[in-house]
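My request is simple: use the sequences and hints to build the entire structure.
Those protein sequences? They're chains A and B, same order as listed.
Our numbering applies: residue 1 is where the first sequence begins, and numbers increase by one.
Our numbering applies: residue 1001 is where the second sequence begins, and numbers increase by one.
No wet-lab data here; the hints were simulated from the structure.
Computed from a predicted structure; not experimentally measured.
In this text, a Cβ means the ideal position worked out from N, Cα and C, and glycines have one as well.
Certain hints may be false.
To be verified - A few chain A residues that face chain B, going by a derived Cβ cut-off under 8 Å, partial list only:
(1) C31
(2) A32
(3) L33
(4) N38
(5) E39
(6) L41
(7) N44
(8) D46
(9) L76
(10) S79
(11) I92
(12) Q141
(13) T224
Number of protein chains: 2
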Amino acid sequence: MRKELLEDIGEKELINRLGKFMPNNQASDDCALIKTKNEKLLINNDSLVENVHFNDLTISPQDLGWKAVISNISDLLSSGSYKNIGIIISLILPAKTEWKWVEEVYKGMNKALKKYGGVILGGDCSLGKEKIISITALGIQGELELQRNASKPGEIILTTGIHGLSKLGFMVQSKLNSDNYVSINKRLVKKSIEHFCRPRLCPNFLKNLLKTRSNKTVKRIGCTDSSDGLFQALQDLAIASNCKAIINYEKLPKDKNWPKGDKWDEYYFFGGEDYELVFSLPKNWAMKLIKLDKNINEIGYFSKGEPLIEFKDGKKNKLFKKTPFKHF
Amino acid sequence: MRKELLEDIGEKELINRLGKFMPNNQASDDCALIKTKNEKLLINNDSLVENVHFNDLTISPQDLGWKAVISNISDLLSSGSYKNIGIIISLILPAKTEWKWVEEVYKGMNKALKKYGGVILGGDCSLGKEKIISITALGIQGELELQRNASKPGEIILTTGIHGLSKLGFMVQSKLNSDNYVSINKRLVKKSIEHFCRPRLCPNFLKNLLKTRSNKTVKRIGCTDSSDGLFQALQDLAIASNCKAIINYEKLPKDKNWPKGDKWDEYYFFGGEDYELVFSLPKNWAMKLIKLDKNINEIGYFSKGEPLIEFKDGKKNKLFKKTPFKHF
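What follows is the structure, encoded as structure tokens:
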């Protein structure tokens, strides 16, 4: 059977078919519509570009749809969204794209939305040379405002989970040899592929933050996500908050089979796409939160000083001389 | 002097520089934030892709920025937005793009926002093979809900202005010969280029609709814009509202120097990018509105029947046998 391509079905029919992924199978109109109350709306945009952020060899279309949603919701969560409203999808696709590919991407998106909240509100589809999924996501700001510029000297730096796994998953999927000298544990390989293809979020994060807060007047917390890598997240916090991040290498949460070596440290700090939260809290609050949520780890603290990152014992500082991965 | 390229300045510096186009020169965070009240929010997305929707030969980057905003605000307006909140910009750009190009695009965007309302709320920039500007625009729904599916048999079909000019402007800018047998009036050429490069909207449209409404219980109006051409706009209304559009060819508003002939009819109906509104009203209301706003013209009516488009005298119906321009 001949594959059904977008050039066969046409733009109007494509939009009709995508309607079934939206609530009430709503017909396309010029705009999507949402009802709001007296609240603050968080809006985020994130794009995935073929051969820059993904390719057909390393990730299935359904996983890609899931991941596109996750990368946006992660930004909403890291800003303090307590409820996700939905997403607007902008697809740029070559005429030779299979309808099946688009359908699978949308299925993956709806699975992620079903798990973490929100619906497909609308979107647009245009012709282009390479596949691009650009999503604008909307959420409602909760009681706590999480921003990059709200960290303070003296605060403990924490993270919601392990870094580097997604990068290892990408290496495995790309059939790239991650380290000539190390044989990698099979369970770790499987876990890494899962982290790369179907990353997960911590939906209880905000609830647990509120549960463990003793001073109700504190509303702002320094926070971002590690979508561009742990190093980038720490640097974004340090620069926006104008303080120095001191990292305790020994305290970094790692998979029990994560190999040792410079290469593995690089994957850990610069890998990206782990979608863990990186944030800072006053010591008292940090300790209560760690006790409540076993996935959260203390990894260092902020001090007064230049907005850069250092290791506590100074030994590993050469790692941060490396230039992190740049797209441009 | 060497041109400054995005690969020279890097992603972080690019985002810093774009900050100056946003209110309060706001630092980048994971999300943009807006305050809402008890209202309905309209959300639209529209993308412009290089060599599909634009190219460097036919339009300057500043005009392109202007046009990208106009195409989104036109959709908000055609849905009944009485106030534009702002836009989220997703840029996909090759590493060899000049910073100057990006700066000019943003200047053009801010000029359009200054004229029609709204600010740049945030955005994202990614590497890609071809230039893409994808905008998500937000507005607040006014008292009238303008939707494609609200037209009714018996209503008068109206439009806010002349069609085909933008297409002619594109032909002139592309140095394509629009008609071998016709010499085109110079004033018309100049006007067409203006319509193509700096399209304008009718910001008083909603005010005038409300002013001329006698039955205050009527809240829904059939409306869309002609960004994809007058034919497509009429077809969208006809299909969504399930009625037949009867067009009076003699009543179509045309530039006084618009040439005659099949080719020119095609430009008129299928050209696109004119951003005029196409809508329908009960006769009484339509007549009052035409009296108040001289730019608005009656061009036909809706009747019961199959959702298609016909000419009143039937003579020109072969025109609609043509397939309108398709991207896929």
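Hints versus structure:
Checking C31 (chain A) against chain B by beta carbon gives a least distance of about 4 Å; that is within 8 Å, so the hint holds. Satisfaction of the interface hint for A32 (chain A) is found here, the shortest Cβ-Cβ separation to chain B being roughly 5 Å, below the 8 Å cut-off. The interface hint given for L33 (chain A) is met, as the beta carbon of that residue sits about 6 Å from the closest beta carbon of chain B, less than 8 Å. For N38 (chain A), the suggested interface contact is upheld, since its CB lies about 6 Å from the closest CB of chain B, less than 8 Å.
Given the 8 Å rule on beta carbons, the hint for E39 (chain A) holds: about 6 Å separates it from the nearest Cβ of chain B. Taken as an interface hint, L41 (chain A) checks out: its beta carbon lies about 5 Å from the nearest beta carbon of chain B, inside 8 Å. The criterion of a C-beta within 8 Å of any C-beta in chain B is met by N44 (chain A), whose closest approach is roughly 5 Å, and the hint holds. Proximity of D46 (chain A) to chain B holds as hinted, the smallest CB-CB distance being about 6 Å (cut-off 8 Å).
About 6 Å separates the beta-carbon of L76 (chain A) from the nearest beta-carbon of chain B, less than 8 Å, and the hint is met. The closest approach between the C-beta of S79 (chain A) and any C-beta of chain B is roughly 4 Å, which is under the 8 Å cut-off, so the hint is satisfied. A cut of 8 Å between beta carbons decides the hint on I92 (chain A): the least distance to chain B is about 6 Å, and the hint holds. About 7 Å separates the beta-carbon of Q141 (chain A) from the nearest beta-carbon of chain B, less than 8 Å, and the hint is met.
Hint status for T224 (chain A) relative to chain B: holds, with the closest Cβ pair at about 6 Å, below 8 Å.
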